[in-house]
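These are the residues of each chain, in order.
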Amino acid sequence: MLTFLRRRIASSAIPLVVVILGVFYLARLTGDPSNLYLPLSATPEMRAEFAARHGFDQPLLVQFGDYLAQVFRLDFGESLRTAEPAADAVLRAFPATLQLAGATMILAILGAIVVGSWAAYRPNSLADRVASFTSTTAASMPDFWFAIMGVLVFAVALGWLPTSGTESAAAWVLPVLTLLIRPFGVLVQVVRGAMVTALSAPYIKVARSKGAGELRVVFGHALRNAAPPALTVAGDLTVGLVNGAVVVETIFGWPGIGKLMITSILQRDFAVLQAAVLVTAITIFALNIVIDACYALLDSRVRQGVTT
Amino acid sequence: MTPGDAPAASRATWWRLLLRDRFACVAVVILLVVAASALIGPILLGDLAVKQNLRAVNRPPFSLDDGWAFLLGSDSLGRSLLARLIVASRTTLSVAVPAVVVSLVVGSIWGMWAGYHRGWRENVSMRVADVILSFPSLLLAVVVLYVFSPSAGNIVLVLAIARIPIYLRAARAESAELQSRLFVDAARTFGAKSWAIIGRHVAPTVLPTLFTVATLDFCFVMLTESSLSFLGIGIQPPDMSWGLMVAQGRQVLQSAWWIAVFPGLAIVVTTVSATVLASWARLAMDPGQRWRLTLPRSRREARHKNKEVRA
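Protein chains in written order, with this note's numbering: chain A, 1 to 308; chain B, 309 to 619.
In case anyone wonders, no lab produced these hints; they're calculated from the structure.
Even glycine gets a Cβ: it sits at the ideal position worked out from N, Cα and C.
Treat the hints with care, as some may be off.
As the list claims (entries may be wrong) - Label pairs and their computed distance ranges (CB to CB): (1) B:Trp322 x A:Leu21: 24 to 34 Å; (2) A:Trp160 x B:Arg489: 31 to 41 Å; (3) A:Leu21 x B:Arg426: 19 to 29 Å; (4) A:Trp160 x B:Ser384: 21 to 31 Å; (5) A:Thr82 x B:Ile348: 50 to 60 Å; (6) B:Phe498 x A:Leu21: 54 to 64 Å; (7) B:Ala344 x A:Gly111: 31 to 41 Å; (8) B:Val432 x A:Ile282: 16 to 26 Å; (9) B:Arg426 x A:Ala13: 21 to 31 Å; (10) B:Ser384 x A:Ala201: 52 to 62 Å; (11) A:Arg208 x B:Ser563: 32 to 42 Å; (12) B:Pro516 x A:Ile106: 45 to 55 Å; (13) A:Asp88 x B:Gly507: 55 to 65 Å; (14) B:Ile348 x A:Glu167: 45 to 55 Å.
Let the hints inform the model, and build the full structure from the sequences given.
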């Protein structure tokens, strides 16, 4: 198990480094921040002084070296916009997104397991067809439009839910539902497909013939074998949740990391953008490792590196 | 099934299979309508989509009082929503289709090459795919589109790059499995060059899967383009796209709901159709599953009931 984890960490560290490098260079391509932060009448000397103060006058390679050295000392630089440490801005926004994404993913996975297994239990039944149609529609739903329709119906017309905020429980309903809809639709289909295969396998007959209850057969025996593909897809969907978070946080004014990233790109606030991407990339990186570990726990062939 | 088999006969089979599945039929019809409105709609409509009519501002939908052009209502400048939807379908498709085609072609050729040769070529390719996939695509698009201007060409480029790994992985996996098969070995023994083997022996087997993936991915690309346009970094006014129309409708949501509702419905209907078609194609292209489509629906259920009785 430890060897497995070590190998996995080493091989996913390369993407992590490339992503950080990529963001560093791409962010600097968006233009000169002094155009945004200094008045139009600024003299070349003022611009040079601004660049020197923030280290923008150095060659890119030197800037990147300095940046890496700072990151190792856990110093993420300071925001150009608000002059506060970038780490503070990111750490303030990160929990909001984490809570939102965590609640969404837990609900999506649990819901998909129940609905997907139910649909797979009787293939081609009415329940199966309703589940298939709903999940197909959910998986092809534009989230921003779903959010606006939610606002239109539940906030504007019925007045049941607020349109923004994070405090009350009601304020969570629309953002979570919006973020949930696509992962849920995709997961139901994956769980259903894997469960249909699993439920028609011989070991299910064995389990039934030894007298195991139906709940135990479905969730104990079949689900365990149907879990790996669903787990892989759930991992990919969680990465994609960042996309959804950008949209949801923009529409509902959620003070999370997606909104922070969009603002810092538009404001050329490099330090904050890099810190935000770094934190996101590390989270995704850690998540992938956790998923792979679960995968290995479920399937000993993966653990021993038989299947590559 | 190889491409050489009597094409006329197999085409007839395809039609029969398609006509048997009601959902797939409806999906094909909807996609054809969308494609037709994208191709010829703008020519027929002339300037109807941009003509402002300040006497017909925010007309509600489903009324023929102002002529058929206002069937779906009008926006806050009195422009026909129906005409704008039709013209926007061209923009939406002209981003989604090239993006899918580019990523399909590049990703599948690259993936087959990587899977056929294995070794370092495979490893490097997979790491590249990991890097692209581990970065949220919307964020990549935001950064790139902010650096370069958000023109349709750049959006296509960003979406194509973001989706190449999907085909790269699928093609790699299949081709890595195929390259150890006997018929590939035989071709190699006869001295065929590697590109010839990939083109003549690997590609025909791998391509059906990749086409199915592409149909499904069409939805993803369309939705991403809509999200980008909605966020204001995709298609820019005065051009129109469905996502942009939703964004414009959001401003007047309380007084004129239809401006945001109909473009979104158009997106949903198109993407759901593509998904339905993709799942039909997955069955139809798999020789082991195709029989499922040839059974009439009543017999499909009867079969299932029998199975339950036996169980």
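>> Taking the Cβ atom of Trp322 (chain B) and the Cβ atom of Leu21 (chain A), is their distance within the range 24 to 34 Å?
In response: This hint is violated: roughly 48 Å between Cβ atoms.
> How does the Cβ-Cβ distance of Leu21 (chain A) and Arg426 (chain B) compare with 19 to 29 Å: does it lie in that range?
Replying inline: holds (28 Å)
>> A range of 31 to 41 Å was offered for this pair. Does it hold for the Cβ distance of Trp160 (chain A) and Arg489 (chain B)?
In response: Between Trp160 (chain A) and Arg489 (chain B), where Cβ atoms are some 60 Å apart, the hint is violated.
>> Can you tell me whether the CB distance of Phe498 (chain B) to Leu21 (chain A) sits inside 54 to 64 Å?
In response: At roughly 46 Å between Cβ atoms, Leu21 (chain A) and Phe498 (chain B) fall outside 54 to 64 Å, so the hint is violated.
>> Verify the CB-CB distance for Ile348 (chain B) and Glu167 (chain A) against the hinted window 45 to 55 Å.
In response: holds (52 Å)
> Val432 (chain B) and Ile282 (chain A), beta-carbon distance inside 16 to 26 Å?
Replying inline: Cβ of Val432 (chain B) to Cβ of Ile282 (chain A): about 24 Å, so the range 16 to 26 Å holds.
> Falls inside 55 to 65 Å, the C-beta gap from Asp88 (chain A) to Gly507 (chain B)?
Replying inline: holds (56 Å)
> Using the C-beta atoms of Ser384 (chain B) and Ala201 (chain A), is the stated range 52 to 62 Å upheld?
Replying inline: holds (59 Å)
>> Just to be sure I understand the hint, the distance between the Cβ atoms of Pro516 (chain B) and Ile106 (chain A) should be within 45 to 55 Å; is that true here?
In response: violated (37 Å)
> Do the beta carbons of Trp160 (chain A) and Ser384 (chain B) sit within 21 to 31 Å of each other?
Replying inline: With a Cβ separation near 27 Å, Trp160 (chain A) and Ser384 (chain B) satisfy 21 to 31 Å, so the hint holds.
> Would you say the C-beta atoms of Arg426 (chain B) and Ala13 (chain A) sit inside 21 to 31 Å of each other?
Replying inline: At 23 Å between Cβs, range holds.
>> Just to be sure I understand the hint, the distance between the Cβ atoms of Thr82 (chain A) and Ile348 (chain B) should be within 50 to 60 Å; is that true here?
In response: holds (53 Å)
In terms of the numbered hints stated before, the structure departs from hints 1, 2, 6, 11, 12, listed from lowest to highest.
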